[in-house]
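Sequences listed follow chains A and B, in order.
Here the first sequence stands for residues 1 to 392, numbered as in this note's numbering.
Here the second sequence stands for residues 1 to 285, numbered as in this note's numbering.
Read the hints as simulated data drawn from the structure, not as lab findings.
Every value quoted in this text rests on a predicted model; they were computed, and no experiment measured them.
Treat the hints with care, as some may be off.
[Unchecked claim] Below, a sample of chain B positions facing chain A; criterion: calculated Cβ distance under 7 Å:
1) His99
2) Ile119
3) Ala123
4) Pro171
5) Ile191
[Claimed, not checked] Some chain A residues well away from chain B (every beta-carbon gap over 12 Å; in silico):
6) Gly147
7) Val255
8) Leu280
9) Leu296
10) Leu328
11) Leu382
Glycine included, C-beta positions come from ideal geometry on N, C-alpha and C.
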Amino acid sequence: MEALFHSSPFTGYVYPNETVISWTLLIVVYPYLTGLVAGAFTISSLYQVFGFRQLRPVAHFALLVSLCCMIVVPLPLLLHLGHPERAFNAMITPHITSAFAVFAYAALFYVILLMVETWFVFRPYIVHEAQRAKGLPGWIYRMATLGSHDVSEKAMSYDRKWLFALAIIGIPGAHGLHGYVGFVFGSLKAREWWSSDLMPAIFLFSAIISGTALVIVLYVLSCKLRKVPVDLPCLKVMAYSLWGFMMFTLLLEGVEFASLVYRGREGYDVIMQFVEGPLLIPFFVLQFGIGSVLPLAVITFFIWRGANDRALLVGVTASAVLVLLAVLMMRYNVVIGGQEISKTGKGLLAYHPPILGREGLLAAAIVLILPPILLSVLVRFLPPWHDQEQTA
Amino acid sequence: MEDKEKLEKQQRERREFLSWLGGALACGAAVIAGDAGPAQAVAAGEPAAAAPVPPNPAIPGYDWTKHRWAFGVDATKCIGCLRCVEACKKENNVPADAHHFRTWVERYVTLEGEEKARIDSQADPVNIAASGSEREYRFADRYKDARVAKAFFVPKLCNHCTNPACVQVCPTGATYKTEDGVVLIDHTYCIGCQYCVQACPYGARFFNQENNTTDKCTWCYQRITKGLLPACVEVCPVGARIFGDRNDAQSVISQFIHNNRVQVLRPETGNAPNVFYVGIDEDVN
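Start from the sequences, fold in the hints, and give me the full structure.
Quick look at the structure:
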């Protein structure tokens with residue numbers, strides 16, 4: 001029989017109840033996913049709102065990436081809850097003082113916004129297919145038109161106004177949702193590792209870089225699968241955005257860590273023990289070294305060289321993969337790391353995630369693989385490809 | 001009886017939420033109405049602001065508005081016998097292992113030549129090895145060959161704070177502060193998100209995998225509302241644990257707080273605990 005709980009070994013003194021880590025891998029995955037949502041949406045908005053024309057090949061694709069991640073966001077939370085069947089209690093009787101009370105409403109609002117925006121973006125295509133396709137797909141497209149078949153220039157100009165408005169509302173929506181996730185951690189005074197005013201900003205900027213990196217990786221992958229050339233100017237703009245936002249992220253993380261060390265409040269000794277010991281590989285090597293400094297150096301090299309060739313493609317894609325890893329490690333180091341430092345300020349716990357079980361590695365991996373699977377299905381129904389748009 | 005109490009609470013929360021919702025909708029409507037907006041909004045906000053006093057739980061002969069419970073710990077008296085831990089586990093069906101405690105006892109030992117105390121609790125692997133089982137509680141005689149400069153025990157439990165961080169973060173209101181000053185959990189309403197476990201600076205909360213909800217000390221609410229003492233206080237052979245009603249100036253707890261220079265744990269959190277300690281030193285938090 002599987003054990004009811006998984007306890008962690010410790011050194012020093014920890015409160016007896018702390019030996020069962022309460023927020024585990026699924027709570028690492030949850031902010032990671034909301035971050036990807038916010039980041040991918042940023043790329044889409046740079047085109048829709050801020051007029052970055054070079055991003056046209058990925059604008060619609062990024063929107064779908066954001067939607068697919070957002071649909072999966074509630075899953076890790078529901079899997080984590082002791083009573084997922086009571087999840088709606090938080091919506092029926094939201095306890096207003098809780099930083100988590102309005103999450104369900106905020107998430108619901110944002111999913112609806114993303115769906116409406118997606119509908120407007122793909123409306124001409126849906127109408128076209130509704131008239132052309134037969135059988136089940138045709139039926140689905142006809143349902144998806146919601147009875148609106150007007151694609152005249154007047155209707156399209158009306159759609160564009162809606163799209164612009166939705167994209168504008170979506171920016172504070174997506175970023176607010178994720179900044180708010182940062183607040184869930186940053187507002188907890190019980191844990192020195194989390195308790196920081198900078199936490200929402202750090203979460204937000206790391207979210208933007210992770211979403212940008214995901215769009216880069218998935219876009220390049222989709223081009224390879226569809227055997228079409230990658231649009232290098234577009235890739236370059238994404239790489240530049242990634243570079244800029246990474247600078248901010250690193251700066252904020254650096255300032256946060258420096259403040260923590262400089263303040264040197266109670267429990268500081270143990271935090272330093274943690275940083276110099278168990279955190280050495282996951283933080284300094286994986287998150288900071290391989291995941292942040294290396295890709296930053298690579299992208300800096302390409303910016304300096306001004307290249308437009310295959311090397312750019314390989315370099316930027318590899319950097320994006322590393323950034324995705326770094327942000328996942330950042331979520332891990334925050335969520336798990338915060339709980340490995342005992343509230344006593346006098347001990348450290350060592351969390352070793354189980355492979356199986358509801359909150360194990362396998363469950364977390366399945367949740368993470370769901371958005372790309374969902375995306376691979378969705379792009380067949382709503383092709384976001386720029387090149388097809390011109391021929392259609 | 002307990003079910004009635006829960007029902008009452010749910011109904012109360014529903015009423016509060018509906019009244020809040022009504023207020024919010026009215027405010028929204030007032031804003032839309034335009035000119036007369038602000039005046040109407042104030043008027044509409046009134047019923048939500050004047051929340052009704054919650055009804056008493058349906059416990060015969062018990063009026064929760066008439067009590068203000070508090071707890072005292074005299075660490076100078078504690079001998080670390082751990083009967084309190086055992087009594088608590090039995091009284092409250094706490095999972096019988098080394099990772100779930102509503103109350104526990106910490107041992108602080110400073111050896112000669114050392115500055116920092118060495119700390120352990122009954123849940124320490126060495127102490128479990130000494131007792132032979134996670135269900136038996138004992139402090140191993142691990143310092144018998146050392147020269148001890150200073151040693152004392154500190155019983156720990158939920159502080160039933162005046163401003164409880166756990167209640168603040170609960171997304172559903174399943175954990176709440178009663179009128180008589182106790183922080184309780186409605187196990188039929190808790191969704192098991194464990195946000196409260198994170199928020200408690202004292203490590204007093206744990207997740208009970210047997211019913212998949214959060215759990216913690218209730219000061220034995222099922223006993224104190226019948227005029228009995230919490231189980232841990234009842235079994236303490238030396239009177240290190242003190243419990244009573246602060247509304248009664250002559251009660252043992254009022255006298256304890258009045259006659260001693262008491263302190264609370266981690267006052268800097270702003271939680272304002274209601275467990276008052278005597279005889280602890282700087283290492284204890």
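### Status of the Ile119(B) interface restraint (C-beta, 7 Å, chain A)
For Ile119(B), the interface hint holds, since the closest Cβ of chain A sits about 4 Å away, which is under 7 Å.
### Query
Minimum Cβ separation between Leu296(A) and chain B greater than 12 Å?
Holds: least Cβ distance 32 Å, greater than 12 Å.
### Task
Go through the hint on Ile191(B) and say holds or violated, using the shortest Cβ distance to chain A against 7 Å.
Check passed: Cβ of Ile191(B) comes within 5 Å of chain A, closer than 7 Å.
#### Entry: Assertion that Leu328(A) lies farther than 12 Å from chain B (Cβ)
Answer for Leu328(A): holds, closest chain B Cβ roughly 21 Å.
#### Entry: Given hint His99(B) near chain A, where the shortest CB pair must fall under 7 Å
holds, 5 Å
### Query
Is the Cβ of Leu382(A) more than 12 Å away from each Cβ in chain B?
Its Cβ never comes within 12 Å of chain B, the nearest being 34 Å, so this holds.
### Task
With chain A as the partner, please determine if Pro171(B) meets the hint condition of a C-beta pair closer than 7 Å.
Constraint on Pro171(B) satisfied, holds at 4 Å.
### Message
Can you verify the interface hint for Ala123(B): is its Cβ closer than 7 Å to any Cβ in chain A?
### Response
holds, 4 Å
### Task
Run the C-beta distances from Gly147(A) to all of chain B and say if the shortest one exceeds 12 Å.
holds, 29 Å
### Message
The output says Val255(A) does not contact chain B. Does that hold with a beta carbon cutoff of 12 Å?
### Response
Label holds. Min Cβ-Cβ 24 Å, cutoff 12 Å.
### Minimum Cβ-Cβ distance from Leu280(A) to chain B exceeds 12 Å
holds, 25 Å
Violated hints: none; the structure is consistent with every hint.
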